[in-house]
Amino acid sequence: MSVQKTGLYAALLIFIVASPFVFPTFGVQLGTLWLMIIVAMTWDMTGGQMGYNSLGNIFFYGTGMYVAALISIALVYDVGEYTGASGGGRYDFTDAQYFTGFVLGTIGAGIFCALSAFVIGYVTFGLRGPYFAIGTLGVAIAAGELVSNWDWVGGGQGITLPVYPGDLDEGKIFIYFAYAITGVLLFIFLNWLYKTRFGAAINAIRDDEEKAEAMGVHTMRYKLVTWAMSAFFIGVAGGISAFQLISFEPLESAYQTINLGIFMVVCVLLGGKGTLWGPIIGAILFQIFKEVTWNYFLGWQWVALGALIVVTVVYFQDGLMGWLRTTRPEWFGLTVDERDDDAPQTAAAAGEGAK
Amino acid sequence: MSIIDVSNVSKSYGGVKANSDVSISVEKGGITGLIGPNGSGKTTLFNSIVGYHPIDSGSIKYEGQEISQMQVPEIARLGLLRTFQQTRIYGAMNCVENMLISLPHRKMSLLDTLKRNTAEDRERAEHLLEFVGLYEKRNLRSGSLSFGQQKLLEFAMALMNEPTVLLLDEPTAGINPTLINGLIDRLKRANSEFGITLFIIEHNMRVIMNMADTIYCLAHGELLAAGSSEEIQNDQRVIDAYLGAH
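In the order they appear, the protein sequences are chains U and G.
Under the working numbering, think of the first position of the first sequence as 1133, with each following residue one higher.
Under the working numbering, think of the first position of the second sequence as 150, with each following residue one higher.
Note that these hints are calculated values from the structure, not bench results.
Hints may be right or wrong, so weigh each one.
[Stated by the list, open to error] Calculated cross-link-like contacts (lysine to aspartate or glutamate; reagent style DMTMM-like; alpha-carbon spacing at most 20 Å):
(1) U:1327 x G:275
(2) U:1327 x G:269
(3) U:1327 x G:270
The model shown is predicted, which means the values in this text are computed figures rather than measured ones.
Please model the complete structure; the sequences and the hints are all you need to start from.
See the structure below:
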């Protein structure tokens, strides 16, 4: 790694660690920003890098929330009784129980989501293009409906989790760092993964899956593994979300197909599909846009958001990174090689000129 | 010894009989040609061999193993590779990336794929790009190359994959005539130096007569003639088929 790059990463890391203390009033927004970054980066794994545009990734977010909540409850109480009381009974969690539940819950959520990605992927990866998008959307909608009718997990009422055992601001910082650590780990993971042969193989699937098959690439295997890795991180983020929201219900907060389920796609489109930084930049831009419109144009915020989506899709399809790639190709190393043996040629030409 | 044995294969699309009762065999380590007028069923036969569609009847064996029921990726993983008439490359990647993704994944476990490409892989990719004359363009987006150059790139990618048999669908179509001699030379070298068995569909008679040990001629989906290039060149039925007397 070059000196500049190391410096950039170090500066970023300091900013990430310092920001919740420097901007304490934005604690919740900063946590949510990390959530957007994580879901955008994970969406881009299949949508941008592999060419499979899923509209159902919100399934893993919602499922992650539920699995994390259920694990943390089940470690201490009977789940049926707990949800049956729907927050009415008296269920105390000690500090140790809260943190054990948090850690095991979020990791368990990730693992469960990764496994379910294998199962769902096995069925849906037979679909291509828009059919895959609609098929996965169907899975997410169906899951939301199923969960909202399942009393053992709280039905339409959802689940209420214990609050953070400390003061409120400390809780916000705790959630912020839980997201931030997940996000940084995801970034490091993807930065490595996209440079491996595996990364090249999923790019090949995006560019021409039939060709990849004809070249003997294990397309199904790579598709499943990619989606499972993506689902793991969304599941973890969903788990953290459950502890951030404390109380959540299935259709509006867990399996929120039209909010977060679409937002993650818009973030990636804004920043640029199929790049490492695009989803991150897109998520930041999107989050700023969203906060500004929700604060200053209340009542018109959905119109503004709709306009943003239309403008992005119609005029700005490749996003910010894609635009830079076409206007500044040399920044991305797209150059004609000035071959070494050009040197004698120019020397010869110069010699001729001298005559 | 033959490596591909096609016996009595028939394939029809609705009422059109694209192949009827075709039997051919491809010699291991040799260069076999497949010619025939447009629409005679050459590409259909290729597609049947590599598993793009099920055949109606007959049998296709690769190294003695029946492959007519197998899927495209399974057959490709046996080392039986094809290039496309309309080239297929990964247009958004540069040439070197196109080459590196063509490393033989059939020889890799999932853990192997989680490694980066080695310096040797890169060197081999560049060497093969040099071999087909694309070295200078190696860092350009492959989609921006001309059709002929994309064809050469696809050929280089196929070599990178270390196939046992390579099925080439019209390798010289769309290539600048001045480059064709060079391409013939490279195909021959791929056969002699890398030991790759070649099975080639070709319209350019000069090319195929120059290279192939054995030539099969299809017309109207049926096998019309088979033999050495002299035998085919002097076969009245082949001449008639090409001139439209059939």
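Here's how the hints hold up against the structure:
no.: 1; hint: U:1327 x G:275; verdict: 18 Å, holds
no.: 2; hint: U:1327 x G:269; verdict: 16 Å, holds
no.: 3; hint: U:1327 x G:270; verdict: 14 Å, holds
Figure legend: structure checked against the earlier numbered hints; every hint is met.
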